[in-house]
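Asks: For the protein sequence lines, the chains are A and B, in the order given. Going by the numbering used here, the first residue of the first sequence is number 290, and it counts up by one from there. Going by the numbering used here, the first residue of the second sequence is number 358, and it counts up by one from there.
Rather than coming from a laboratory, the hints here were simulated on the basis of the structure. Since the model is a prediction, treat every value here as computed from it, not as a measurement. All C-beta atoms, glycine included, are put in the ideal place defined by N, C-alpha and C. Worth double-checking, as some hints may not be accurate.
Chain B is nowhere near these chain A residues, computed Cβ spacing over 12 Å in every case [said to hold, decoys possible]:
| id | residue |
| --- | --- |
| 1 | Gly512 |
| 2 | Ala739 |
| 3 | Glu774 |
Heads up, incomplete: computed chain B residues facing chain A, CB under 7 Å, no partners named [stated by the list, open to error]:
| id | residue |
| --- | --- |
| 4 | Tyr400 |
| 5 | Tyr421 |
| 6 | Arg460 |
| 7 | Gly462 |
| 8 | Pro607 |
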Amino acid sequence: MNLLREVLPDFSWWRSFDAKRETIAGITGALLVIPQAITFAYLAGVAPEYGLYCAIFVGFLASFFGNSPMVGGPNTAVAILLGVSVLPFAGRGSPLYTEFVLVLSLMVGVIQLLIWLLRGAAVFRYFSPAAITGIKAGVGVWLITSALEGALGLSPLSAQFFYEKFYTAMFAWNDLVNPYAAATSVVTIVAGVLLKRSWPRSYILGAVLIGSLVGAVIYGLFGPVRSQLELLGHVALQPLPLNLPQLGPQHWLFMEQVVPQAVAIAVLGLAQSLVIVRDLETTTARHLDLHKEVFAQGIANALSPFFSTFAGSGSFNRTSVAVEMGAHTPLAGMIAACAVVLLAWVSGPLLTWLPMPVIAGVMVLVGIGMIQSNEIRPLRNRADGAVFLITLLSVMFLGLEVGILVAVLASVGFFVYWASEVNLFISRDGDEERIAVSGNLFYASLDRLAKHLRSEPTAHTVLDLSRVPYCDAAAQDMIDKVQIERTRHGGQLKIAPKG
Amino acid sequence: MRLTSWKSKFVTFVGFVVLLGCTAAFARPSIEELKGRAVLDDYEANVVFGYNIITQTNRYAGRYAGNGLNCTNCHMQAGTRPDAFPLNVAGVYPKWRAKNGVRNGIGLRIRDCFLYSLNGIMPPEESAEVQAVAAYINYLSEGEVIGRPPKGAGVPSLPDTGADPNPPRGQVVYKRECAICHGAEGEGQGPVPPVWGLNSYNGGAGLNNVQRLAGFVWANMPMGKERSLTHQEALDVAAFLHLQHRPLDPREGRLMKLAERIYQSLFRKAGVSEPVTASPGPAAK
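Please put together the full structure from these sequences, using the hints given.
Replies: See the structure below:
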């Protein structure tokens, strides 16, 4: 019954919504998502129309089945991971590669549905905000470095570590860098950074416009042969791109080999979405059903290959803009998806002339946005800071999949470390020693107390356990043993009566 | 002695049979055969994708193609026909070309085709489309001698006829022989390519050259009656076509070219007949 309620779309918001504000929020979201969708399709290694389909169909389905104003659709980290996971199996951008991306998206969706059936939403509470910030910052660094190729017109160096890219770009400047491409992307980035101050919500749009203008001027003055300026090319949008995912023997072999990656993408997508939803719960003051959101993400991603697109997840930046513009219900996401159809259809012919260095510039801007100091600064706390740094470094150097695992381990690890901290307040009353214990007493946190109790077998001690919420069998056992030992040596260990 | 001779004959025979068997087994599989297979490795899948691009350029490489032509309109029979720019030329690249003044790898050569003959956008060297066409060219080049142009490469160069090409007479020939398929305005129809106008190749294309076009027309046109035109008629019709309006050479009049392209993409939807389907993969028959 509960499951059925989560499966059926929930229109309880229908009675109370502000149509005007939701529409404005939706249309703003649609404007923002178009450059991002194209960029993320490039990251995933598929044709740009797939990114737009993701914004349209995955975005719509996620809002339709969900119950929050979260804006879904193409997501940086998910797109990067899809690309990285499929790259070893097929040539980037080839038909086989595209099929593999779609099959992998199907797997991601099915895994997310499984997580929903297993009531997995609770698990995502263990992702500490510090870990999520770390993952975001790591993805941001990654985004900036992978933009380097496109921004400078470098020949592809994708097999190299990110720091090697900087090295190569610096030392082979004259031979490798295309000045026309570099100029276009630098203008885009500078415009974006400047516009962000006065126009913090949709600065990327302005940057794209300015960058495209500069690109068009360069293209017009120097021509395609001399400038070698890469253009996006024709975006062939279909109104309803229905598609049946190919499942030949090749695809099954592929699926077998990418299960770990699929799990990592599913977990990362859900983690981001649920962090957003929990955040929204405080800002919109509505009760949001996390399980329902998990189902919405799962079904949207599982259906994505049937609309010829790839998996997505909730988007931090687009959601925050939508909420700022006054979105309170899932209607904003649905309006955004519909507006993308209109906008892409209108601007489609001009998108053909969008220079790729501008898209690289957008990647850098999105990357900079992900490494936000206002989220990192509150992490002064030692444990949080450590989780953040560990996550960031492992995402940067070990890759996203490993990074996610490290993030979970680090957040859980620090939580356990914190939980196993036991404070002993020792006071002396004549011969009698009184120890007030506060904290959980269990196998991992016993050491200090046991060491203290065993150091003086002849002492008389009263243990005050009134501030111990949890005491496991190992602790019980230890106390019993110390009591026996004390009695043998003439000492005494008493448990203070409660109250 | 007789026995040895019989034995050696037998060995020769067996060897011959084995050789035949090997040739049959290792012969290049046809595209149809590749398409029928359940599992293709990356190279084979790429070859099939390349073949699809050559035969249905606007469908499979619509992202970069900019007019109504398909590769196979000039590289006839999917690049297998001699004297119609056959594509079994992998062995002669890289080579220096006067056209762009640099040494061209096969990738740059293919990208040039997109820019000029297809009047489109130059795809990046590492794009899936360029890689696929390169793989298909390799596939076709099996058995050719590396470094030597294959038989029937390019188009035949016609001998000197002693008379200048004459466009008005070419127009007469066009109306008599070509217009029935290519249209009175050269617009083409269905699988017949447009031969001038904004939907045809641009001023920088290889065929925008009277001598070369004449050779192509003489050797391959009109379809079914190839080599029926005289050399002079072929030259005349080539001169007539050369004078017609077509997209600008992207190397000249660049701002004009940009304006032309934006006009084209806004109002004419040049040649993009069919959108890319989601899964034009090897399994798609």
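Asks: Taking the hints in turn, state whether each one holds.
Replies: The hints, checked one at a time:
Its beta-carbon lying about 4 Å from the closest one in chain B, A:Gly512 breaks the requirement of being farther than 12 Å from that chain. With a least CB separation of 62 Å from chain B, A:Ala739 remains clear of the 12 Å interface cut-off, as annotated. Interface exclusion of A:Glu774 from chain B stands, the closest Cβ pair being 71 Å apart, more than 12 Å. The restraint placing B:Tyr400 at the interface with chain A is violated, with a minimum CB-CB distance near 9 Å, outside the 7 Å limit.
With a cut of 7 Å, the hint placing B:Tyr421 at the interface with chain A holds, because the nearest CB-to-CB distance is about 5 Å. Hint status for B:Arg460 relative to chain A: violated, with the closest Cβ pair at about 15 Å, above 7 Å. Of the supplied interface hints, the one on B:Gly462 is violated, with its beta-carbon coming no nearer than about 13 Å to a beta-carbon of chain A, more than 7 Å. Given the 7 Å rule on beta carbons, the hint for B:Pro607 holds: about 5 Å separates it from the nearest Cβ of chain A.
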